[in-house]
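Number of protein chains: 2
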Amino acid sequence: VSAAHRVARPLFQRPRFDPTLYLVTDHATCGARGLMATVAAALAGGVSMLQYRAKNIPVRQALAEAEELVSLARAHGVPMIVNDRLDIALAAEADGLHLGGSDLPPAVARRLLGEGKILGRSVTRSCDVAEIDPYVIDYVGLGPVFATATKPDHAPPLGFVRFGALRRGIPVPVVGIGGIDLARAPALIAAGADGAAVVSAICGAEDPERAARQLRETIEIARGGR
Amino acid sequence: VSAAHRVARPLFQRPRFDPTLYLVTDHATCGARGLMATVAAALAGGVSMLQYRAKNIPVRQALAEAEELVSLARAHGVPMIVNDRLDIALAAEADGLHLGGSDLPPAVARRLLGEGKILGRSVTRSCDVAEIDPYVIDYVGLGPVFATATKPDHAPPLGFVRFGALRRGIPVPVVGIGGIDLARAPALIAAGADGAAVVSAICGAEDPERAARQLRETIEIARGGR
Numbered sequence: 015v016s017a018a019h020r021v022a023r024p025l026f027q028r029p030r031f032d033p034t035l036y037l038v039t040d041h042a043t044c045g046a047r048g049l050m051a052t053v054a055a056a057l058a059g060g061v062s063m064l065q066y067r068a069k070n071i072p073v074r075q076a077l078a079e080a081e082e083l084v085s086l087a088r089a090h091g092v093p094m095i096v097n098d099r100l101d102i103a104l105a106a107e108a109d110g111l112h113l114g115g116s117d118l119p120p121a122v123a124r125r126l127l128g129e130g131k132i133l134g135r136s137v138t139r140s141c142d143v144a145e146i147d148p149y150v151i152d153y154v155g156l157g158p159v160f161a162t163a164t165k166p167d168h169a170p171p172l173g174f175v176r177f178g179a180l181r182r183g184i185p186v187p188v189v190g191i192g193g194i195d196l197a198r199a200p201a202l203i204a205a206g207a208d209g210a211a212v213v214s215a216i217c218g219a220e221d222p223e224r225a226a227r228q229l230r231e232t233i234e235i236a237r238g239g240r
Numbered sequence: 015v016s017a018a019h020r021v022a023r024p025l026f027q028r029p030r031f032d033p034t035l036y037l038v039t040d041h042a043t044c045g046a047r048g049l050m051a052t053v054a055a056a057l058a059g060g061v062s063m064l065q066y067r068a069k070n071i072p073v074r075q076a077l078a079e080a081e082e083l084v085s086l087a088r089a090h091g092v093p094m095i096v097n098d099r100l101d102i103a104l105a106a107e108a109d110g111l112h113l114g115g116s117d118l119p120p121a122v123a124r125r126l127l128g129e130g131k132i133l134g135r136s137v138t139r140s141c142d143v144a145e146i147d148p149y150v151i152d153y154v155g156l157g158p159v160f161a162t163a164t165k166p167d168h169a170p171p172l173g174f175v176r177f178g179a180l181r182r183g184i185p186v187p188v189v190g191i192g193g194i195d196l197a198r199a200p201a202l203i204a205a206g207a208d209g210a211a212v213v214s215a216i217c218g219a220e221d222p223e224r225a226a227r228q229l230r231e232t233i234e235i236a237r238g239g240r
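Heads up: the sequence lines are chains A and B, in that order. To convert a position in the first sequence, counted from 1, into this note's numbering, add 14. To convert a position in the second sequence, counted from 1, into this note's numbering, add 14.
These are calculated hints, taken from the structure and not from any lab test. Treat the hints with caution; some may be incorrect.
Claimed, not checked - Restricting the straight-line Cα-Cα distance to at most 27 Å, the calculated cross-link-like pairs of lysine-lysine (BS3-like) are: (1) LYS69(A) with LYS165(B); (2) LYS69(B) with LYS69(A); (3) LYS69(A) with LYS165(A); (4) LYS165(A) with LYS165(B).
Claimed, not checked - Label-pair restraints from in silico Cβ distances: (5) ALA89(B) with ALA78(A): 49 to 57 Å; (6) GLU234(A) with MET50(B): 48 to 56 Å; (7) ALA42(A) with PRO119(B): 23 to 31 Å; (8) GLY91(A) with PRO72(B): 56 to 64 Å; (9) ARG139(B) with ARG237(A): 54 to 62 Å; (10) ALA89(A) with ALA204(B): 51 to 59 Å; (11) GLY173(A) with GLY128(B): 46 to 54 Å; (12) GLU231(B) with ALA144(A): 49 to 57 Å; (13) ALA42(A) with PRO200(B): 22 to 30 Å; (14) GLU107(B) with ALA78(A): 22 to 30 Å; (15) GLU107(B) with ARG237(A): 27 to 35 Å; (16) ALA42(A) with LYS69(B): 23 to 31 Å; (17) ALA204(A) with ALA121(B): 43 to 51 Å; (18) ALA179(B) with ARG139(A): 54 to 62 Å.
Heads up, the beta-carbon is just placed ideally off N, CA and C, and yes, glycines get one too.
Please construct the entire structure, taking both the sequences and the accompanying hints into account.
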């Protein structure tokens, strides 16, 4: 965590969270095992944050799934964050909201969420960095670090060097996202990430619990030096 | 307004509204004149409620349009209600939310909106009627009364006789929607509607202000006997 982050954080109370290993859900990648069983295994393995990403899911199904994931995550002491949809986040009483660059403006989302919720934002380019107000945003998902099949419309990959350069300008905790797996996690941490956000490396693993455990251990070891 | 409505309404304060002539927006139907110019003309002509319906509009555009419509409507003392999206309704500080049968559950939406906002719901079938809790829902849009090209996926049309039968079971004000125009408005009121909701009859008119004025006068005359 950078010095800029320590200085600029607001003083009022927000939820604490651990960005070490951030699981982002994807219905298709979970496959036949299903969303809930995959997330349950991943939580048992050591996921420290959870994001429910549901594109093109009917709103009542999304609400029911979000509510179930809040219960699941809460049993592990892990925050459950909803991607994009403030209405689902509020209705499911989730722990926070994650915004992309074309979603609701962060200041509007913060006003409606209140101070007690976690608000995250995706950053894909240097021009996004200037928009990260640490009084509004709690963490950033920076990427894609590498190309990924999970999000076909993603921005150009950053690579570790550019990731590190952008990360230094961001005054809140940063997780790297996009193509992160066990082999790449140590270099991601070395480039300045506070944690890793993954979809395929857990949801697409044969044994999601084991995959989460290995990722978490690897990230904690890599971060040991800082 | 039925006797059942007068008895069952909650006592706590909610915004007052006039359901006489309810304009529901549609970008395509407004055509080259554009959404804002059409709504401005319709408000000048006597629309008494406004609903912003934006399907497949990017969220930041939807928010900007909703905010502009709130200002426009407020200048005429008319409530601006957002279709479907609670997040847009909250972010734009709209006067209320209109829910379809597959949107957020009304009780959840009411909790998040607070008591100060108008909450409406679409009813298309007799089994929806039992779900109308007058402590949660402020008005109902009942229809489609007739087939309409504005909403290609609409439920089977009710016609006036079935509209009247369903309307009698609904303990809140009811506007009829679906194929309502100047010629059909008097029979809609005679069937028990408190007002008419229209898209094409105003947005698709050559002169939306004149169309709104004629509709309002016709509805007020038809309602004169009740």
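Please write out, lowest number first, the hints stated earlier that are contradicted by the structure.
4, 5, 8, 13 and 15
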